[in-house]
Amino acid sequence: MSYFIRGHESKWEVVLGLEVHAQINSLSKLFSPSSTGYGAEPNSQVNLIDAGMPGALPVINQECVKQAVITGLGLNAKINLKSIFDRKNYFYPDLPQGYQISQFENPIVGSGHLIIEAEEGTKKIGITRLHLEQDAGKSIHDQDFENSFIDLNRSGCALMEIVSEPDLRSPSEVSLYIKKLRSILRYLGSCDGNMEKGNLRVDVNVSVRRFDAELGTRCEIKNINSIKFIQQAIEYEARRQVKLIESGKIVEQQTRLFDSQKGETRAMRSKEESHDYRYFPDPDLPPLILEKKMIEDLKLQLPELPDKKKIRFIETYGIKKYDAEILVSEKEVAEYFEKLVSDRDPKMVVTWLTGELFSYLNKKNLDNPQSAISVEKFGELLDLINDGTLSNRLAKELFVEFIESNMSASELVKKKGMVQISDENEIINMIETVLDQNQKMLEEYRSGKEKLFGFFVGQIMKISNGKANPQMVNTLLTKRLKK
Amino acid sequence: MSNLSDLTISQAKELLLNRSISSVELTKFFFDKISNFKNLNCFITETFDQALKMSKISDEKYKLKKDIGLMEGIPIGMKDLFCTNQIKTTAGSKILKNFIPFYESTVSKNLWEEGAVLLGKTNLDEFAMGSANTTSFFGNVVNPWKSKNDIDKKLVPGGSSGGSASAVAADLCLAATGSDTGGSIRQPASFCGLVGMKPTYGRCSRFGMIAFASSLDQAGPITKDVLDSSIMLKSMCSYDKKDSTSSKMEIPDFPKIVKLGVKGIRVGIPDEYIVDGLNSNVNDNWQKGIEWLKSEGAEIIEINLPHTQSALPTYYILAPAEASANLARYDGIRFGLREIGKDLDEVYKNTRASGFGNEVKRRIMIGTYVLSAGYYDAYYLKALKVRKLISDDFSKAFEKCDCILTPTTPGVAFGIGEKQDDPLEMYLNDVLTVPASLAGLPAISVPSGLNDEGLPIGLQIVARPFDEETCFKAAFVIEQLSNFNKLKN
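Keeping their order, the protein sequence lines are chains V and H.
Just so you know, we're using the numbering used here here: the first sequence kicks off at 506 and counts up by one.
Just so you know, we're using the numbering used here here: the second sequence kicks off at 118 and counts up by one.
Be aware that one or more of the hints could be misleading.
As the list claims (entries may be wrong) - The calculated DSBU-like cross-link candidates involving lysine-lysine, where the alpha carbons are at most 35 Å apart (straight line), are:
| hint | chain 1 | residue 1 | chain 2 | residue 2 |
| --- | --- | --- | --- | --- |
| 1 | H | K502 | V | K571 |
| 2 | H | K358 | V | K797 |
| 3 | H | K365 | V | K583 |
| 4 | V | K571 | H | K170 |
| 5 | V | K628 | V | K516 |
| 6 | V | K776 | H | K358 |
| 7 | H | K358 | V | K643 |
| 8 | H | K359 | V | K702 |
| 9 | H | K359 | V | K587 |
| 10 | V | K798 | H | K359 |
As the list claims (entries may be wrong) - Pairwise CB distance ranges (calculated):
| hint | chain 1 | residue 1 | chain 2 | residue 2 | range |
| --- | --- | --- | --- | --- | --- |
| 11 | H | G491 | V | F716 | 31 to 39 Å |
| 12 | H | D166 | V | K643 | 37 to 45 Å |
| 13 | H | G534 | V | E778 | 38 to 46 Å |
| 14 | V | E801 | H | E408 | 58 to 66 Å |
As the list claims (entries may be wrong) - If you want the footprint, here are the derived chain V segments under chain H, 3+ residues with CB under 8 Å:
| hint | stretch |
| --- | --- |
| 15 | 549-559 |
| 16 | 716-726 |
| 17 | 846-860 |
In short, the hints are calculated from the structure, not lab data.
The beta-carbon is built from N, C-alpha and C at its ideal position, and this holds for glycine as well.
Please construct the entire structure, taking both the sequences and the accompanying hints into account.
What follows is the structure, given as structure tokens:
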């Protein structure tokens, strides 16, 4: 019970479950051949089916089915050999058919789980189900005073709705869950996980209870588009519910919206106002039957997922669990790491990758290290540090300039005259010069002020313009002072 | 050509092949007929310019004796439920009264590829919901048949493919397409003395056919005789990857087998089809039908279809349920009629209140009700289970017999305006056709005699899934032995 809401009377546990809508990475839509590309002219990627024209009929896109199965397998879930598409009926201008084709009682994927590394340790979060459904179009209200506009490009795109069990207990666990789910989806390639583009959308079910009490009434917060906002929304909503209960009121089952400007949730509709969706099997679509063989084949093709990769990294490269966790969370980072580490010191590679390169990527808002610097270019830099040509300190100073230049590490070092001075005689000359110029200090040192060692090193580095090999300076200076 | 009116497709094709007549001449002949019989209100849209273009192309093919299709140069009517590219398609509804599709239904496309010529889009009950063609926004259709007892009384052509049936019966075209959800091909064919074939569910693609009840809707031909029916069905059906319920079963060469006879075929007679209100003339005709088939060597077997009486209520839960969702897309947002309103809800309400007729609204309400929370299990789910029982009845029966002979309808064509006040009485028209629809089976209605008033009676032959051939064979025997063509004149 690391996380709780402190009320007037007691501590309250927050119980959270997630419904994640992940847009499937496919060229065409769930039931139509229209393109799913992002950012096209409004209504340029729409065909009869997406526009709900009379006589249009849906035809399942097998690629989307495959992606759903792969995702199910990646979530350690049961794949249902027979699933059924249902119509979910409601009127809305961006829902052209007047119903959404979804899966209700018989989803394509049943129960599974994923693992998060929570504060208290490893935690298994249950996945209730994953089902396939059509996305709706987009209503646009800010283009005109009197009219709204509809863009149907998104209408009919394939979504996987991934529903978790109410196993999450804090905003940070929710954040970990989403990040883990997103990571798995990206590894599998079934969804790009981009929340800004709306390709990953999260609804959160929030309820509170006194510890070990029965589950409380939940409210669903819809469509929050960043992890930060999700955490804020949960905090706010949980406090709101605690306040209500402690003041003797009850929590009404509601759908609520998060206002990110005000940082609060507000009621959208109550349970009584909620739609009767009148689900029934879509007669245009026969049951979706999967071959066992297909599932077995997909299982064999499944890539190594983050959990397994993490264990392998720890075992193979002897790196820390914490570092491994960071390295595997993004597929591209993990791949980059493995290429980079191949014949180099893992510790050094991890330090440089998660230190300098990550801070650069963060600054530039990049995800993929490869997009900033090639493995070869980065590797050469590390090798120059390793063989003593370049000091760690210099390399750090030059790092950003290096990444952004077209030069290789050796070219840069040459151009900048940055080659480390590792010539013994040259360093001895420098030491003599410094000692000559600082006779008084030398006397003090000899009379016992050994701390002055650092002063001499600094002076030597200074006259070498920082190019002297620090280790050699240390060794040679120690030797000289012992005389 | 003294009387082009009496031509069938097969006869017309012969004339076209030996070039005694051109498709353009034939087509123009029907222009005049259509213009002279506007009082029957068979067509919603006439497409004479289109027809001329198409018939000229056909004539060219006959001239070159190249690429001659099964329906080459044959002028037909197209039920206005099939979307036709750049040609207005209304489904008989105000809500689509100006709707011009930019795509072609697979069934119509198949027909054009076989050379058929489009004379126009035929009238129908609104969204194919009706049994008398009285629910069309474009007015009711009149049956060209008259009762001997009351020459002035206008009779219904049946529905929903009433415009198609009436047009073929009045010789305004050589044949027409229909669609059948619970009897909408077979019942009007029966009322108009024509052959109406509803093939197995999945034989004809539903792509581009405006949906009423997706699990039941099936296209089929309405023709003057059985041979024509086989030719036209062959032209209409195909596997279509654009319809997930379309069948990949091989399509037989139907015209080849029509005349093969019924020797050794076991014909089931279900006791349960002697329903309340079964007209005695119809019942007598049914008995004759049994004798005709027997005389040609068929074996007559008594069978049981115990859930027959549940078929109609089952149908009137499932079909409206599907319709309530299928018709949700007519919301005034993207196409079709839009009535203004002060907010979104009002736009919806005003558009749908103004755009749909009463029968359609009734069925949307029934459908919405039976799918609602708290009622779903009692109505929709139960109906699904009963549908399975009805299907099983047929499967069991087909262990004993190869086809089933029944009347198509309990009665004959009735007067326009009759049965309008009581929807239940109207629904009873479909009591004998609905079971085969629920089971997805092929069923044909063939004219088999006239009643005391001189009005046509039809018999229905139902067969196993994808065995349209047996339907055709048995229907052909009845057509021959009933001598209907002579009776007609």
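So, going through the hints one by one against the coordinates:
Distance restraint check for K502 (chain H) and K571 (chain V): the Cα-Cα separation of roughly 32 Å lies within the 35 Å cut-off, and the hinted pair is therefore satisfied. At most 35 Å may separate the alpha-carbon atoms for a hinted pair to count; K358 (chain H) and K797 (chain V) meet this at roughly 24 Å. Among the hinted pairs, K365 (chain H) with K583 (chain V) is consistent with the structure: their alpha-carbon atoms are about 31 Å apart, no more than 35 Å. Proximity of K571 (chain V) to K170 (chain H) is assessed by CA-CA distance (about 47 Å); at most 35 Å being required, the pair is judged violated.
Between the alpha carbons of K628 (chain V) and K516 (chain V) the distance comes to roughly 22 Å, so the proposed pair stays at or under 35 Å and holds. The hinted pair formed by K776 (chain V) and K358 (chain H) fails the criterion: a straight-line CA distance of about 41 Å is larger than 35 Å. Of the supplied pair hints, the one linking K358 (chain H) and K643 (chain V) holds, its CA atoms being roughly 29 Å apart against a limit of 35 Å. A distance of roughly 31 Å separates the Cα atoms of K359 (chain H) and K702 (chain V); the hinted pair therefore holds under the 35 Å criterion.
Taking the CA atoms of K359 (chain H) and K587 (chain V), the gap is about 22 Å. The hint holds against a cut of 35 Å. Under the criterion of a C-alpha separation no larger than 35 Å, the hint pairing K798 (chain V) with K359 (chain H) is consistent with the structure, at around 26 Å. Checked against the hint of 31 to 39 Å, the C-beta distance between G491 (chain H) and F716 (chain V) comes to roughly 37 Å, which is consistent with it. For D166 (chain H) and K643 (chain V), the Cβ-Cβ distance of about 41 Å falls inside the hinted range of 37 to 45 Å, so the restraint holds.
A hinted range of 38 to 46 Å for the beta carbons of G534 (chain H) and E778 (chain V) is consistent with their spacing of about 44 Å. Separation of E801 (chain V) from E408 (chain H) is about 60 Å and conforms to the stated range, judged on CB atoms against 58 to 66 Å. With 5 residues having a Cβ less than 8 Å from any Cβ of chain H, the stretch 549-559 of chain V passes the three-residue criterion, so the hint holds. Given a C-beta distance limit of less than 8 Å, the hint that chain H covers the stretch 716-726 of chain V is violated, as 0 residues qualify and 3 are needed.
Given a C-beta distance limit of less than 8 Å, the hint that chain H covers the stretch 846-860 of chain V is violated, as 0 residues qualify and 3 are needed.
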